[in-house]
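Protein chains: 2
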Amino acid sequence: MLPGAAISLQRHPRTRFVLYGDESVVLPVLDTLPALKAASTFHHCDVSIRMDERPSQALRQGRYKSSMWKTVEAVKTGEAHVAVSAGNTGALMAMAKFCLRTMAKVERPAIAGIWPTVRGESIVLDIGATIGADAQQLVDFSMMGAAMARALFGIEEPTVGLLNVGVEEVKGQDEVKEAARFLKENPIAGLSYRGFVEGDDLGKGTVDVVVTEGFTGNVALKTAEGTAKQIAGYLRAAMSQTWMARLGYILAKSAFDRLRDKMDPRKVNGGVFLGLNGIVIKSHGGTDAEGVAAAIDLACAMAENGLLGKVEDSLRLFHERLTTNGPTAAIAPETI
Amino acid sequence: MLPGAAISLQRHPRTRFVLYGDESVVLPVLDTLPALKAASTFHHCDVSIRMDERPSQALRQGRYKSSMWKTVEAVKTGEAHVAVSAGNTGALMAMAKFCLRTMAKVERPAIAGIWPTVRGESIVLDIGATIGADAQQLVDFSMMGAAMARALFGIEEPTVGLLNVGVEEVKGQDEVKEAARFLKENPIAGLSYRGFVEGDDLGKGTVDVVVTEGFTGNVALKTAEGTAKQIAGYLRAAMSQTWMARLGYILAKSAFDRLRDKMDPRKVNGGVFLGLNGIVIKSHGGTDAEGVAAAIDLACAMAENGLLGKVEDSLRLFHERLTTNGPTAAIAPETI
Numbered sequence: 001m002l003p004g005a006a007i008s009l010q011r012h013p014r015t016r017f018v019l020y021g022d023e024s025v026v027l028p029v030l031d032t033l034p035a036l037k038a039a040s041t042f043h044h045c046d047v048s049i050r051m052d053e054r055p056s057q058a059l060r061q062g063r064y065k066s067s068m069w070k071t072v073e074a075v076k077t078g079e080a081h082v083a084v085s086a087g088n089t090g091a092l093m094a095m096a097k098f099c100l101r102t103m104a105k106v107e108r109p110a111i112a113g114i115w116p117t118v119r120g121e122s123i124v125l126d127i128g129a130t131i132g133a134d135a136q137q138l139v140d141f142s143m144m145g146a147a148m149a150r151a152l153f154g155i156e157e158p159t160v161g162l163l164n165v166g167v168e169e170v171k172g173q174d175e176v177k178e179a180a181r182f183l184k185e186n187p188i189a190g191l192s193y194r195g196f197v198e199g200d201d202l203g204k205g206t207v208d209v210v211v212t213e214g215f216t217g218n219v220a221l222k223t224a225e226g227t228a229k230q231i232a233g234y235l236r237a238a239m240s241q242t243w244m245a246r247l248g249y250i251l252a253k254s255a256f257d258r259l260r261d262k263m264d265p266r267k268v269n270g271g272v273f274l275g276l277n278g279i280v281i282k283s284h285g286g287t288d289a290e291g292v293a294a295a296i297d298l299a300c301a302m303a304e305n306g307l308l309g310k311v312e313d314s315l316r317l318f319h320e321r322l323t324t325n326g327p328t329a330a331i332a333p334e335t336i
Numbered sequence: 001m002l003p004g005a006a007i008s009l010q011r012h013p014r015t016r017f018v019l020y021g022d023e024s025v026v027l028p029v030l031d032t033l034p035a036l037k038a039a040s041t042f043h044h045c046d047v048s049i050r051m052d053e054r055p056s057q058a059l060r061q062g063r064y065k066s067s068m069w070k071t072v073e074a075v076k077t078g079e080a081h082v083a084v085s086a087g088n089t090g091a092l093m094a095m096a097k098f099c100l101r102t103m104a105k106v107e108r109p110a111i112a113g114i115w116p117t118v119r120g121e122s123i124v125l126d127i128g129a130t131i132g133a134d135a136q137q138l139v140d141f142s143m144m145g146a147a148m149a150r151a152l153f154g155i156e157e158p159t160v161g162l163l164n165v166g167v168e169e170v171k172g173q174d175e176v177k178e179a180a181r182f183l184k185e186n187p188i189a190g191l192s193y194r195g196f197v198e199g200d201d202l203g204k205g206t207v208d209v210v211v212t213e214g215f216t217g218n219v220a221l222k223t224a225e226g227t228a229k230q231i232a233g234y235l236r237a238a239m240s241q242t243w244m245a246r247l248g249y250i251l252a253k254s255a256f257d258r259l260r261d262k263m264d265p266r267k268v269n270g271g272v273f274l275g276l277n278g279i280v281i282k283s284h285g286g287t288d289a290e291g292v293a294a295a296i297d298l299a300c301a302m303a304e305n306g307l308l309g310k311v312e313d314s315l316r317l318f319h320e321r322l323t324t325n326g327p328t329a330a331i332a333p334e335t336i
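Each protein sequence line maps, in turn, to chains A and B.
Just so we're aligned: 320 in UniProt numbering is position 320 of the first sequence, and the numbers increase by one with no gaps anywhere.
Just so we're aligned: 69 in UniProt numbering is position 69 of the second sequence, and the numbers increase by one with no gaps anywhere.
Treat the hints as calculated values from the structure; they're not laboratory data.
Check each hint, because a few of them may be wrong.
All copies of an identical chain are treated as equivalent in the list; a pair is satisfied when it fits inside any one copy or across any two copies.
Claimed, not checked - DSS-like, lysine-lysine: derived pairs with alpha carbons at most 30 Å apart:
id : residue 1 : residue 2
1  : Lys267    : Lys229
2  : Lys177    : Lys267
3  : Lys204    : Lys262
4  : Lys253    : Lys229
5  : Lys76     : Lys177
6  : Lys267    : Lys76
7  : Lys37     : Lys253
8  : Lys229    : Lys204
9  : Lys65     : Lys253
10 : Lys177    : Lys97
Because the structure is a prediction, the values reported are computed rather than measured.
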């Protein structure tokens, strides 16, 4: 975390850090990073949350005192603009929900990830905050994702698609159809709804924001990561099989380096918790300093571009209009 | 379809074909393929199902007379061992269900696909027959997938995993947990249950059979296909950017050819409909002769290795035991 923060600080010299952790671990490392030390305030915490702790257990034992809780609380008290953690995802979400609470009218938060596409980058949510989502929640995710796209990509009216399968007249997934009908019939400012997209549209970058519920989103993300690793493995094996291939590899090394750079999962590290009264970013636990730096860069961008206000405004305006026009019953009748 | 059948016939010279279609289209092509013509019986059909027809509409208009119906019916009457079609998936499934009916005790059929992995190949189901599946259906899919793995890979006791997300204590997906509990507590002959797997396990080949419901399976499949295309695009762009890279590409061409061959989606073409009283294989509509040939090769393997009997035996033995021991209520109480 600390070397990652130091890298990000070089790119964003105005960032100030509030660090929470065990002093016996943090301070010796911080001493080797004088620029980061000068930009940081450190608070010792006795309790830290283990990666294998269940969210409920983490909340019981770590509330009010653990480094994870303190990090999230710093956003609540206004001491920090964004919280960044590479810890236990479930515990972090539980603490963030408990400490920051969901925004008015938002029932469930989502985790939004950045997906590299052939056209640049898209935002995909939910990639694993909760399982299942009703039509109202999918509409909320659409607005929150669009707000994040406006903050991150600087696009006025990001395109949004609902993830679906290309099979007609199938039973189930009524919530996706319901959400689609609603988005089609109720144009929302700052969001251009483009209909259904399928799994292969993710990599194509067909839309700026792809909306789905957390189970499918998480499986899609991990499947894409797995496929990329699988192909990288094939490529490595193929390039070392004959001396001609090895020679070719050496000649084309700069091209392979560019390819590796393009496929580098560290560059899109950072899941953004959306729908809470504060921004929390989850870095991949298994990444390195470069990956952490990318998550902190993302945190800086989200804070500087006013993500939270954009999400709040979208949701408020939208729900106000809903209350005035009263078509809520059309979205998810079973929940009202 | 016809050049594909001709290629497969060279590899399986004992195959006999019963062809259904429009004579003005089929016969001129068949005349150019004398070996296939000699191995085939042709039946003219006036009606053909369009790719954009809704399943219910296709069934209404194409039942008893369309080429698609006749193809499936040939399996029912015993004239053919397997039906192969590259047509409209939804229509084919609707006709297959109507004509062949689901096996006793099977509520819903599944489509099983072959997934290339770093260790070889796995079977993934359901990749889009129906959306959603309860615990009982997931257990049925596990048995049907294992039976197909026995028939296709010749493994005595294929390993089976349930697709899940690595998030603890999340709401929803109770049916996956329920199915897991059942598979753990009730050892099934010819199937080695290995617990939950995640999206990145698909490409790793962690288990021989990955079980999930049709929405997630379809999204995962298309996401993997999309990611593979995306990386192939990056690779092509990188290898043509500088003359050094182009020279390297030429030297390593045989390695790149092997890679392309390994990633060739045509080699794993063919979705197998499981749970019906007959084998139907769906070829990708957008494939070429090589892809069709792979789907027909798969059909030959499934027929020769007695897939249907293996699935029937597994299901019968299992459901008999369930009836005797009576733990059905433990699987899916809400459906009983």
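Verification of the supplied hints:
1. Lys267 <-> Lys229: Answer is both: 15 Å inside a copy and 20 Å across each meet the 30 Å cutoff.
2. Lys177 <-> Lys267: For lysine 177 and lysine 267, the Cα distance exceeds 30 Å both inside one copy (34 Å) and across copies (34 Å).
3. Lys204 <-> Lys262: So lysine 204 and lysine 262 pass the 30 Å test inside a copy (14 Å) and across (22 Å) alike.
4. Lys253 <-> Lys229: For lysine 253 and lysine 229, the Cα distance is within 30 Å both inside one copy (19 Å) and across copies (21 Å).
5. Lys76 <-> Lys177: neither (36 Å within a copy, 35 Å between copies)
6. Lys267 <-> Lys76: within (28 Å within a copy, 54 Å between copies)
7. Lys37 <-> Lys253: neither (38 Å within a copy, 51 Å between copies)
8. Lys229 <-> Lys204: both (18 Å within a copy, 9 Å between copies)
9. Lys65 <-> Lys253: neither (50 Å within a copy, 59 Å between copies)
10. Lys177 <-> Lys97: Both. Shortest intra-copy (28 Å) and inter-copy (25 Å) distances satisfy the 30 Å Cα cut-off.
The structure fails hints 2, 5, 7, 9 (numbered hints given earlier, in ascending order).
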